[in-house]
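Construct the complete structure from the given sequences, taking the supplied hints into account.
There are 2 protein chains.
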Amino acid sequence: MHKDIAYHEYANEAIAHLANGGIFLTVKDPDQDRANIMTIGWGTIGYIWRKPILMVMVRYSRHTYGLLEKAGEFTVSIPLHQDRTNELMICGRQSGRDIDKFKECGFTPEKGRAIDTPIIKECPLHFECRVVYQQAMEPGQLSKELRTNCYQTPDYHVLYFGEILASYLRK
Amino acid sequence: MHKDIAYHEYANEAIAHLANGGIFLTVKDPDQDRANIMTIGWGTIGYIWRKPILMVMVRYSRHTYGLLEKAGEFTVSIPLHQDRTNELMICGRQSGRDIDKFKECGFTPEKGRAIDTPIIKECPLHFECRVVYQQAMEPGQLSKELRTNCYQTPDYHVLYFGEILASYLRK
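Chains as they are written, first to last, in this note's numbering: chain A, 225 to 395; chain B, 225 to 395.
These are calculated hints, taken from the structure and not from any lab test. Among the hints, a few may not be true.
The list treats identical chains as one, so a pair stands whether inside a single copy or across any two.
Computed list of lysine-lysine pairs in DSS-like fashion (alpha-carbon distance at most 30 Å, straight line) [said to hold, decoys possible]:
1. LYS335 with LYS368
2. LYS294 with LYS368
3. LYS327 with LYS227
4. LYS335 with LYS345
5. LYS368 with LYS395
6. LYS368 with LYS345
7. LYS368 with LYS327
8. LYS395 with LYS335
Set out below in structure tokens:
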């Protein structure tokens with residue numbers, strides 16, 4: 225069962241999960257007729273261009289980078305009040321080039337309501353987003369401290385700003 | 225009196241105010257020994273580079289743009305549960321080049337706790353931020369619909385990512 229929520233209603237919880245353990249970013253992979261999951265720990269939520277926006281970041285080296293460049297849309301599933309340590313680790317450390325992470329995690333892909341990308345059925349909180357703006361990081365613009373801490377190699381992030389087209393709880 | 229809060233504790237409310245009426249962005253103006261306030265309606269909050277981040281956007285044409293380029297820090301004050309329609313209009317429509325908006329609004333600048341930029345004493349919710357990353361928009365990367373809706377002229381935004389150094393309620 226779905227319960228629609230305002231896009232910002234669970235912003236506190238979404239940010240808290242992002243910062244503590246991570247959340248799931250799902251992007252479809254048409255070549256393999258499946259979708260791939262990646263754990264993300266960085267992102268922001270808010271309102272830009274008169275649209276509700278969820279911003280996620282993906283490094284060039286990630287399988288998700290190539291997928292997202294083609295797909296132009298993504299879903300975010302958040303394990304609200306669930307212990308998903310193991311699944312978050314699988315989706316953070318392994319690559320969708322090698323394994324099917326839905327299978328590996330025992331997760332079920334469920335059809336998105338607004339877009340053609342599945343959500344993770346087992347998670348309680350979901351966002352469906354279409355990329356409306358994206359921008360590769362300019363390394364020289366980042367503070368030296370953060371550049372040193374977060375980028376040992378030139379594997380920088382691309383910022384993807386997704387318009388939130390659906391946000392809901394799944395029970 | 226101050227009450228410290230977790231940076232994301234009032235994310236829902238901050239985003240709701242941003243999208244409905246706006247919030248106050250304050251940047252110091254050393255040349256005039258005062259600070260300037262601007263109303264903003266777009267921005268995001270979250271966690272990036274292992275730091276709590278508040279992202280605000282300022283158009284090139286704004287007085288605040290020049291100030292922020294020099295200051296590298298800003299505060300955000302949010303009129304939680306207050307009707308500040310008039311002050312939001314003053315700070316949104318008038319320019320700090322012409323008037324002192326603290327005076328015009330009857331607002332009191334109060335010393336920041338973590339940075340050298342004042343907050344608006346009369347508001348209940350505050351964030352103090354130091355810019356750790358900034359990036360000018362790449363217009364060609366924005367969806368055509370949003371480019372048409374939001375940018376009639378080439379007066380694009382610069383995105384300022386501020387590390388949240390203090391977040392608190394003021395009673």
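Hints, verified against the model:
1. LYS335 with LYS368: between (42 Å within a copy, 27 Å between copies)
2. LYS294 with LYS368: between (32 Å within a copy, 18 Å between copies)
3. LYS327 with LYS227: within (26 Å within a copy, 46 Å between copies)
4. LYS335 with LYS345: within (9 Å within a copy, 48 Å between copies)
5. LYS368 with LYS395: neither (44 Å within a copy, 37 Å between copies)
6. LYS368 with LYS345: neither (41 Å within a copy, 33 Å between copies)
7. LYS368 with LYS327: neither (40 Å within a copy, 38 Å between copies)
8. LYS395 with LYS335: within (15 Å within a copy, 47 Å between copies)
Checked against the numbered hints given earlier, the structure breaks hints 5, 6 and 7 and satisfies all the rest.
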